[in-house]
Amino acid sequence: MKKILTTVLSLAVAAGLAGCSGSSTSAATSTAGSETNESSETATASVDGKIGVILVGDENEGYTAAHMEGISNAAKALGIADDQIIWKYNIGETQDCKDAAIDLVDSGATLVISNSYGHQSFMQEAASEYPDVTFISMTGDTAADSGLANFKNAFNQTYQSRYVSGVVAGMKLKELVDNGTVTKEALPDAFVGDDIKIGYVGAFPYAEVVSGYSAFYLGVKSIVPNVHMIVEYTNSWADQTKESETANSLISKGCVIISQHADTTGAPSAIQAALEGGKTVYSVGYNVSMLAVAKDAALTSASNDWSVYYKYAFQKFLDGQAMDIMTDWSEGYDTGAVCVTDLGDSCAEGTAEKVAEVEAAIKDGSLNVFDCSTFTVGGAALTDADGVDTTFDGEANLFPIKDGVFYESDVKNGFRSAPYFSFRIDGIEESGAE
Amino acid sequence: MKKNQFEKPHDSIKEPLVHIIKREDVPAWEAWGIRIVAVVLGMMVCALFIQGITDLNPFKVFGSMFNGALGSSSRIWQTLKDMALLLCISLGLAPSFKMRFWNVGAEGQILIGGLVSAALMIRFGNSMPSGILLMIMAGVSILAGAIWGLIPAYFKSRYNTNETLFTLMMNYVALQLVEFFVDIWDKKQSHSVGVINSSTKGGWMPYLFKQQFFLMVLIVAVLTIGMYFYLKQSKQGYEIAVVGESENTARYAGINVAKVIRRTVAISAGICGFAGFLEVSSVSHTISSLTAGGRGFTAIIVAWLGKFNPFAMTLISALLTFMSRGANQIASDFNFNKHASSILTGIILFFILGSEFFINYKLVFRKHGKEAA
Chain A
1 MKKILTTVLS
11 LAVAAGLAGC
21 SGSSTSAATS
31 TAGSETNESS
41 ETATASVDGK
51 IGVILVGDEN
61 EGYTAAHMEG
71 ISNAAKALGI
81 ADDQIIWKYN
91 IGETQDCKDA
101 AIDLVDSGAT
111 LVISNSYGHQ
121 SFMQEAASEY
131 PDVTFISMTG
141 DTAADSGLAN
151 FKNAFNQTYQ
161 SRYVSGVVAG
171 MKLKELVDNG
181 TVTKEALPDA
191 FVGDDIKIGY
201 VGAFPYAEVV
211 SGYSAFYLGV
221 KSIVPNVHMI
231 VEYTNSWADQ
241 TKESETANSL
251 ISKGCVIISQ
261 HADTTGAPSA
271 IQAALEGGKT
281 VYSVGYNVSM
291 LAVAKDAALT
301 SASNDWSVYY
311 KYAFQKFLDG
321 QAMDIMTDWS
331 EGYDTGAVCV
341 TDLGDSCAEG
351 TAEKVAEVEA
361 AIKDGSLNVF
371 DCSTFTVGGA
381 ALTDADGVDT
391 TFDGEANLFP
401 IKDGVFYESD
411 VKNGFRSAPY
421 FSFRIDGIEE
431 SGAE
Chain B
1001 MKKNQFEKPH
1011 DSIKEPLVHI
1021 IKREDVPAWE
1031 AWGIRIVAVV
1041 LGMMVCALFI
1051 QGITDLNPFK
1061 VFGSMFNGAL
1071 GSSSRIWQTL
1081 KDMALLLCIS
1091 LGLAPSFKMR
1101 FWNVGAEGQI
1111 LIGGLVSAAL
1121 MIRFGNSMPS
1131 GILLMIMAGV
1141 SILAGAIWGL
1151 IPAYFKSRYN
1161 TNETLFTLMM
1171 NYVALQLVEF
1181 FVDIWDKKQS
1191 HSVGVINSST
1201 KGGWMPYLFK
1211 QQFFLMVLIV
1221 AVLTIGMYFY
1231 LKQSKQGYEI
1241 AVVGESENTA
1251 RYAGINVAKV
1261 IRRTVAISAG
1271 ICGFAGFLEV
1281 SSVSHTISSL
1291 TAGGRGFTAI
1301 IVAWLGKFNP
1311 FAMTLISALL
1321 TFMSRGANQI
1331 ASDFNFNKHA
1341 SSILTGIILF
1351 FILGSEFFIN
1361 YKLVFRKHGK
1371 EAA
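Heads up: the sequence lines are chains A and B, in that order.
Sequential numbering of the first sequence, starting at 1, is according to our numbering.
Sequential numbering of the second sequence, starting at 1001, is according to our numbering.
Next up, chain B with everything else stripped away, as it sits in the complex (with noise of 0.2 Å):
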C-alpha cells in the first residue's frame, strides 16, 4: 500500500473541483448570520412549494402562520407552553449530550415522571392539600425520570452497553407501561382516562394572573438560567465537558468517570421526569400514551443546534414551536392535508441543519486554469 502511494507522482493528483475544509472560530457573528440566512433561504423555498402546488399566495400563508402562533393572547400562551414543555425537556437532555451520552430515552422519561404524577394525583387528589401534593408530585416524577435514566446508565458504566439502543428501549418499556395503567384506571374500558379531578382541582398546578400557564413557563425559565450557570460555571459542568471530550482524559485528571456518567444522566432525566409532570399537572391533567407526543426527540434537535447553550436553546425552541402552530394554523385556514404544514416545516428545519455545516466547514474551488499552467 504504502509503495502504492509513492510511486505516483505527485503532480498526476487530480485537484477535485471542491474541497471541504474545517473551519476554526467562526465568529458567534456570522455563525447567526449564516442561520438567519438559512431561514431565510428555506422560506423561499417554501414559498416556491405552495405557489407550486396550490394557488395561495405564499405571504398570505405566512401571514396565516404568523397568526396562527402569535395571533392572540392565547395562541400567545400556547406557543409559550409548547415552548417551555420542549425547551425543558431539551434543558434535561443538554447535560447528557454533552458528555457524549446519547440519551434517546427522552420519552420514556417524560412518560414515566407523568405516570408518577397521574397515579398521585388519582390516588391523593382529593385527599391531601394540593400544595404538599403538588411539591410530592414533582418530587416523585424526578425521582422516577432519574431511575429511568439510571438504569440505562448504570449498565452503560458498568459493561459498556451501548445507551442509544438502551434509553430508546426503555421508552417503549414506559410506553407499555402507561398503556397498561390507562386500562387499569380507565373503568370505562374506552382506553382514555379522562380529565383527572376535574371537579376538585386536586393536583393540578395552580393558575398565575388568570394564566394556566404562567407558573410552568416561569419554572422553565429559572430552570433555563440555571442549567446555564450549572454547564458552565460549576466544577460539576466541568467534568461533564471533560468526559465529553475525552474519558481517558478525565480518568488521567482525577475524575470518577462512572459517577459523573451516573449522576449526569440522573439529572437529565429527572428533569425530563420532571417536564413529565408539568405535561400532566399544569398542561393536561390527564396521562396517555400521547403525553410525551414526540417531544423528546424533537428536544435532541433543541438542545444539538443550540450547543447545548441554554440561552441558544430557548430561541431555538421558541422557532420550532412557532413553526408547528403556525403550521397547524395553515392547515386550518387553507384547507391543507397536514402533511402538507409538515413539508414546510421540514424544509425549514432541513435549511437550518444544513446550515450548520457551511458554519462548521468552508467549500473551497479549484482554481481554475492553475493545473494546466
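In isolation and in its complexed conformation, chain A is listed as follows (with noise of 0.2 Å):
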C-alpha cells in the first residue's frame, strides 16, 4: 500500500515537474529547441562512445527525475542520439553499482556517470580498474584525493539556492507575524523565548545536509532576525512515511515553516493536510515543485538544473576530452545551474520582487550566503583562522574562510565541489540523528 501511494504521489509531482522553469532563472527546457538547431550544424561527427547512466531510482523519485531531465536536456541541445545513452535504473548503493558500471564498459560506454553519493566507492572501483574510461560520481567527494585522472566529480551550488528558498520562507514569515497571525499570545507554541520556530526535515546529519539547512537558516534570518530552527532526522534519503511522521513532529513542536532535505513529497503532504486542518505552517520543498501535492503550503522548492554539467561534460565527451572534464565541478547561480521553483500562491507580496534581488546579488558577489558576520557558532563569530575536518581525524584541514566570508564548494580555488560546511551554527538545533 506504502509503495503505491509513493508511486501515484510522485508521478503527481513529476507531472508538475517543472525543475527551474520559474520566470527568476533562464530554464534549459525552453532554450533548449534553439540550441539544438545551433549545434546539430556544429556538432562533431558523433564520436564512436557511448554515454552510461547508472541511477539510484527511476522517472517516479523526484531526484533522479532532475537528473534524467537534466541529462535529456543536454543531449538534446548538443544533438547527442538517443541511442548514444545507455540508461541503468534503480541502481543500489552496492556492488550492483560496480556491476552496471563495467557492463556499461563492455556495452562501449567510454564515460559513466553515477548519480548518488553512495555509488561513489563502487564507481571509483571501476574506474581503478578501467583507466581509460571516464567515470563520473555526481555529489562525491573523493575524487581529488583519489588520485585518478579518470575519476571526477560534480556538485551544484545548492546551498544557493537553499539560502533564497529561505528568504521566500523568510517573507511568509514576516507577512504572518506582520498581520498578526503569529503572535506569542495565538501561537505560545511556536515560540522559544522570542524565537519563532521553524522546522527541517534532514535525511543523514551528512557535510551536504548540514551545509543545506545552514543555508536554509540563514535565508529565512535575513528576513526574520528571530528564527530557532529544529531539525530532525529520517534516517533516509528517501522515505515517504518517515518524511510525513518527522514533518507531523515538528508541526507538533509548533514550527510555522518547515522545509526538507528529504527526497519525497512526505513532508509537504502532511503540512497541506495540517493547514488544512487550521494548523498555520507552510512548506518549503526540495528537487521539484510540491505545488502539486500542497498547492496551499508550498511556498517554492530549492532546485538544481544538472543540464548545465550534463552540456558540459557532454560537450568535452563530443570533443574527445572527456579525461579533461573537471575534477571537481561546480557551478550556482552564475551559470543557471541552481534555481528555486515556481512560487506558490501562498507567498507573500513582493516574494518574487526579493526573489530578484536576492539572485542578483548571489551572482555578482555582493552577497555571501555563508556571510560570518551573520551567524555565530558557539557564540562566536567564524575567523579565517576556523576550518572544517573533512578527514575525521579530529583535526581541522580545509580552511575556507576568507576576509570573513566561507566559500563553499569553491573549485576555483581549489577546493572539492561537495559541501563541506560542517559547523552546526547557533539558532539550530538537531535531534533525532542516529
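Calculated from the structure, these hints are not laboratory results.
Backbone N, C-alpha and C define an ideal beta-carbon position, used for all residues, glycine too.
Some hints here could point you the wrong way.
[Claimed, not checked] Facing chain B, a subset of chain A residues (Cβ under 10 Å, in silico): (1) D96; (2) Q124; (3) W237.
Put the two chains together into one complex, using the hints given.
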C-alpha cells in the first residue's frame, strides 16, 4: 500500500516537474529548442563511444527524475542521439553499481555517470580498473584524493538556492508576524523565548545536509532575525512515511515553516493536511515543485538544473576530451545551475521581487550566503583561522574562510565540489540523528 | 453427524466435475518434462504480455534477456556470481527445510556473517597477512551465522517455540545491528561504509585467473557436491530425513531429536553466514543493510523447487539468476520500468511453481453421460 501511494504521489510530482522553468532563471527546457538547431550544425561528427548512466531510482523518484531531465536536455541540446546513451535504472548503492559500470564499459561506454553519493566508492573501484574510461560520481567527494585521472566529481552550489528558498520562507514568516497570525499570544508553541520556531526534515547529519539547512536558515534569518530552527533526521534519503511522520512531529512542536532535505513528497503532503486542519504551517520543498501535492502549503522548492553540468561534460565527451572534465565542478546562480521552483499562491506579496534581488546579489558577488558576520558558532563569530575537518581525524584540514566569508564548494580555489560547511551554527538544534 | 451421512443414499451424491488425485511415483523424466512445458507456456504468456502492453517484438525482448545474462564474458561471470551466491544460501537452507525446520532467517544469518567479516576487514585488514585474515573471516562468519540460527533452534527444541516467527524476527535484529555499525564505521555520516580496504585489498578474496569470482564459484561448486553426499550418504543426513518425516519415529528409533535439530540448524545457518562472508569478501567489499538483498528468501524457493537435491537446486538457481539478470537488461534496453521486468519473472515463476501441482496431483474429469445411465 505504501509503495503504491508513493508511486502515485511521485507521479503527481513528476507531472508537475517543472524544475527551473520559473520566471527567475533561464530554463534549459525553454532554450533547448533553439540550441538544438545551432549545435546540430556545429556538433562534431559523432564520437564512437557511448554515455552510460547509472541511476539510483527511476522517473518516479524526484531526485533521479531531475537528473534524467538534465541528461536528456543536455543531450538534446548537443545533438547526441538517443541510442548513444545507455540508462541503468534502480541501481542500488551496492556492488550492483560496480556491476552496472563494468557492464556499461562492456557495452561501449567511454563516459559513465552515477547520480547518487553512495555509488561513489564502487565507481572509484571501476575507475581504477578501467583507466581509459571516464567516470563521474555526481555529488561525490573523493575524486581529488583518489589520484585517478579518470575519476570526477560534480555538485551544484545548491546552498545558494537553499538560501533563496529561505528568503521566500522568511518573507512568508514576516507576513504572518505583521498581520498578527504568529504572535506569542495566538501561537505560544511557536516560540522559544522571543524566537519563532521553524523546522527542517533532514536525511542524515551529513555535510551536504548541514550545509543546506544552514543556508536555508540564514536565508530566513536575513528577513526575520528572530528564528530558531529544529532539524529532525529521518536517517534515509527517501522515505515517504518517515518524512511525513517527521513533519508531523515538527508541526506538533509548533514550527511555522518546514523545509526538507529528503527526496519525497512526504513532508509537504503532511503540511498541507495540517494547514487544512487549521494549523499555521507552510512548506519549502526540494528538487521539484511541491505544488502538486500541497497547493496551499507549498511556497517554493530549492532546486537544481543539472543540464548545465551535463552540457559541459557531454561537450567534452563530444570533443574527445572526456578525460579533461574538471575533477571537481561546481556552479551556482552564475550559470543557472541552481534555482527555486515556481512560487506558490501562498507566498507573501513582494516575494518575487525580493527573490530576483537576492539572486542578482548572489550572482554579482555582493551577497555571500555564508557571510561570517551573519551567524555565530558556539557564541563566537568564525574567523579566517577556523577550518573544517573532512578527514575525520579530529583536526581541521580545510580552511575555506577568507576575509570573513566561508566559501562553499569553492572549486576555483582548489576546494572540492561536495559541500563541506559542517559547522553547527547557533539558533539551530538537531535531533533524531542515529 | 454420522447418522446423517448414512441417511443419504449413495447414488444421490453428485460426482464433481473434477477430482484431484495424488500421484505417486512420477518418473523423473516426466516431472522434468512437465516443468519444461511450464517454462515454455510461461514464456508464451510473457510474450503475450509484452505484445499486449508494448509494440515490441517478444523475440527481440527474449533475445535481450539472453544477451543480458550471457551476452559477454563479464556478463557470464556476473550471472555465475549471482548464481553461486544464491545457490550457497540454498545449500544452507536445504538441511533445515528437509528436517521441516522452517528457517526463514537466512537474510539475518547472511547479514551477521557479512557484518563480522566486514568488522575483521576494517580492524585487521591492513595489519594481518591476507591469507590468514581470510581464513579467520570465513571461520568467524560461519560461527556467527551458526549462533544466529542456534538461538531460535535452542528455543524450538527446549520450549517448542515457533521457529518461523523466531528466525524471521532475528532477521530484523541483524538488520538493525548492521545499520548500527554502518553508522559507527561511516565517519562522514552519509550512511555508507564504502569499499573497505580499497587500496590495500586486505581481506579481499584473491582473483584467480584474473577473475574476481572464480574462487567463489569454485568454493560453492565444492560445497554443492559436499552437501549432496552429506544429505544422501551420511548418517547425519539420514537422521535429518527421519526427523523431517516424523519426530516420533525418530525418537522411537533412538535419535536424539533435540540434538539433531540444533546440529542441523547450526550447519544450515553457518553456511548462510559463510554466504555473507563470500558476499563481503569476494563480491562487494562492503557491508550495508542491502548486503543480503532478499536472496535469503529467494533461496527458499530454490531449495524447495530443487527438492533439496543440490544438483537440481543448481539448475533452479541458474534459471532464476538468468531471469533476473535478463529482466534487468530488458529494463535497460527497452526503457521498461523495472516492475514490468519483474512481472515477466513473476509469470515464469508462477508457471514453474504451478507445474509442481501437476507433478504431485492429477486431475480426473467426470465422465460424461455415465451418471445418467
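Consistency of the hints with the structure:
Among the interface hints, the one on A/D96 holds; its C-beta lies about 8 Å from the nearest C-beta in chain B, closer than the 10 Å criterion. Nearest Cβ of chain B to the Cβ of A/Q124: about 7 Å, under the 10 Å cut. The hint holds. Taking 10 Å as the C-beta cut-off, the interface hint given for A/W237 holds, the closest approach to chain B being about 8 Å.
This entry satisfies every hint, going by the numbered hints stated previously.
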